[in-house]
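J.: Residue-level listing of the chains:
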Amino acid sequence: MKEVRIHGRGGQGGVTSAELVATAAIAEGKYAQAFPSFGPERRGAPVAAFIRVSDKQIRTREKVYHPDIVMVLDPSLPRLVKVAEGIKDDGIVILNTELTADQVRETFGINSRLAMVDATKIALEELGLPITNTTMLGALLKATGIVGKDALFEALEKRFGRLAEKNKAALERAYNETVIA
Amino acid sequence: MSKRVGIEVSIAIAEAVGLARAEVIPAYPITPQTHIVEHLSEMVANAELDAEFVPVESEHAAMSCCCGSSAAGARTFTSSSAQGLSLMSEVLYIASTMRLPMVMVVANRAMSAPISIWNDHQDIMIQRDTGWIQTFAENGQEAVDLTLHAFRVSEDRNVSLPIMVNIDGFTLSHVIEPIELPDQEDVDRFLPPFKPRYKLDPRRPITMGPVGIPEVYTEAKVAHDMAMKKAKRYILKAWNEFEEIFGRKYNPIESYRTEDAEVLLVTMGSISETAMTAVDTMRDAGQKVGLLRIRLWRPFPGQEFRRAVGKTKILAVIDRCLPPGALCGPVGAELRSLFYKIPGSPKIFSFVAGLGGRDVTVERFEEIVDKARAFAKKRPRELYEVIGVREK
Amino acid sequence: MANSDAIVGWKTITFGCHILEPGNAANFRTGDWRSQRPVVDKEKCIKCGMCWVFCPDMAYNQDEEGYFVVDLEYCKGCGICAHECPKDAITMVPEEG
Ligand code: SF4
Ligand code: SF4
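Residue numbers (the working numbering), protein chains in the order written: chain Y, 1 to 181; chain F, 1001 to 1392; chain P, 2001 to 2097.
Check before you lean on any hint, since a few could be wrong.
Below are the DSBU-like pairs computed for lysine-lysine, each with C-alpha atoms no more than 30 angstroms apart in a straight line [what the hints assert, rightly or not]:
#1 F:Lys1392 / Y:Lys82
#2 F:Lys1392 / Y:Lys63
#3 Y:Lys30 / Y:Lys168
#4 F:Lys1232 / F:Lys1313
#5 F:Lys1249 / Y:Lys63
#6 P:Lys2044 / F:Lys1199
Heads up, incomplete: computed chain P residues facing chain F, CB under 8 angstroms, no partners named [unchecked claim]:
#7 Val2008
#8 Gly2009
#9 Trp2010
#10 Gly2016
#11 Ile2019
#12 Cys2045
#13 Ile2046
#14 Cys2048
#15 Val2053
Keep in mind that the hints were calculated from the coordinates and are not lab data.
In this text the structure is predicted, and so the values were computed from the model without any measurement.
Just so you know, even glycine gets a beta-carbon here, dropped at the ideal spot from N, CA and C.
Build the full structure now, drawing on both the sequences and the hints.
T.: Rendered as structure tokens:
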């Protein structure tokens, strides 16, 4: 079983990212859960969402304490939130950042493996909006293979209809531009 | 063919209510039940569901409206949580003794104060004695299945009682997970149209809800109590029919790895899934631990529970509700009275955990089992223990 | 009110305590504890029917001539009709004994 924690800000669509991955994994015949950090949400405040994906039935309702994967949608968040908290030793942190791996390690003190992409730039160019939730899924795919691209694209189409194409393009670009270190 | 989809549990419940062809849905939104009624109102607005959605001004009005619609012979659904459910309270008693079939999904939530929107079972335990049939779901699939089952049982002429299906707020209501959404044809087969014993009909006027003078009140209440006891048979029968059509089997008490167990955990609702994982972990470590999950809470299936306990000597009962000043939590009290003075009965230890959204983890279940074993050797001073509470 | 003739056991009490016989309130003689009763002065009465409208026990019936006549089996003596009558045609008089 793989556990994912997504950090974003209220309104950035972190819950939607979680939903897309979970529904795609379920469509592939796997088991999955996606859920928000329970409680009231404020636009702009740091929030988290969670995913579990497994080949077997998932029998837990615990919160995610020790994620395998952490995905951060907003470049400013690692300054405010301990994004790597509780991450497994072999875990990976996927960041939306313009920084290099060395800069990330130095500035935020993250020791885990890293996957990095400038998702804000890609989202602005491809979607015209600095909303990175679908773009960052490209980085997630590249870094982890937690779900297949076809299933994820299908989930995007179901969720976004006409807008899916642009999101797919952004996702594809992020996939190609993600650096793993 | 049913289809397996990744879907939020609340949305799946709304879809199940749609498949059940509910006719009247009076509801007032409250966290964490909101997504259920929101989705139902969308389904009605989009003409996907041919029902009357009544956006009432309070939960009290919602339940009153449910009584009217059920009395008029309409298939009736509503949903609530916590303070909202409490506002319904006086009308809940009216619905049940008047034998009005209806289904309510309760997204269980803590009672304020302090203000809490998070999950525990305080809200439903307050309504324990309202004379409604009460079931508990452990996951999204069960939430859907128990909702369909509830319509079938509630409207069975041998039962004619309202039913609450309990799902844990947030922990279930807000989770996206795989759920088999049944086929309309199968649901129609399982759920015949609602034909009440009596209904309000101007062509054949009757009076519902008259005064019960002291000479008849006791008889009316005993008749209700007897109807609840008799209902168990039809609840089980409907689960059997459910299995025949949908292939999933439900029991009033579910056992998990109880063979030769020295300690049995007793849970209700979604923590049961984590408890199963805890049992697996403890079994792997060589501990003889099992789990009983109470699915049917009212009418309480005493016989089935005793049978499920078998020869096990220690029960660790978890209540998700702390009634101040009581001897112990309601589930603990129920089981203590079930076994009182029965020769060879197990030692029962009562624990309170998972209040107001606090997680009950695998480690917590291990702690509970350790404590129960210790208590069996040396009797604890108190009749219950609150797990994970800080003193300072 | 559940009919006191129908005092029964829990096995035989009606389903949901419903009253299955319509209009059985007629069986209750609400007039038997009256302390005063209305008397209509036909000289003053204009047959407007306000007494009939306001009587909470529906004790008034209209006769062939159009006057409203009180049925003392059901009149509880509340005096509402006398209060509402626009012509002061109704007087409340004490019941004897
Ligand atoms: S209210 Fe007075 S005037 Fe009118 S019908 Fe009755 S008694 Fe006559
Ligand atoms: S006194 Fe009261 S009960 Fe009697 S007829 Fe007048 S209004 Fe009706």
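J.: Each hint should be assessed against the structure and marked as holding or not.
T.: Okay, the hints, checked on the actual structure:
{"no.": "1", "hint": "F:Lys1392 / Y:Lys82", "in the structure": "holds, 26 angstroms"}
{"no.": "2", "hint": "F:Lys1392 / Y:Lys63", "in the structure": "holds, 25 angstroms"}
{"no.": "3", "hint": "Y:Lys30 / Y:Lys168", "in the structure": "holds, 22 angstroms"}
{"no.": "4", "hint": "F:Lys1232 / F:Lys1313", "in the structure": "holds, 27 angstroms"}
{"no.": "5", "hint": "F:Lys1249 / Y:Lys63", "in the structure": "holds, 28 angstroms"}
{"no.": "6", "hint": "P:Lys2044 / F:Lys1199", "in the structure": "violated, 47 angstroms"}
{"no.": "7", "hint": "Val2008", "in the structure": "holds, 7 angstroms"}
{"no.": "8", "hint": "Gly2009", "in the structure": "holds, 6 angstroms"}
{"no.": "9", "hint": "Trp2010", "in the structure": "holds, 4 angstroms"}
{"no.": "10", "hint": "Gly2016", "in the structure": "holds, 4 angstroms"}
{"no.": "11", "hint": "Ile2019", "in the structure": "holds, 4 angstroms"}
{"no.": "12", "hint": "Cys2045", "in the structure": "violated, 33 angstroms"}
{"no.": "13", "hint": "Ile2046", "in the structure": "violated, 34 angstroms"}
{"no.": "14", "hint": "Cys2048", "in the structure": "violated, 30 angstroms"}
{"no.": "15", "hint": "Val2053", "in the structure": "violated, 22 angstroms"}
Figure legend: structure checked against the earlier numbered hints; hints not met, in rising order: 6, 12, 13, 14 and 15.
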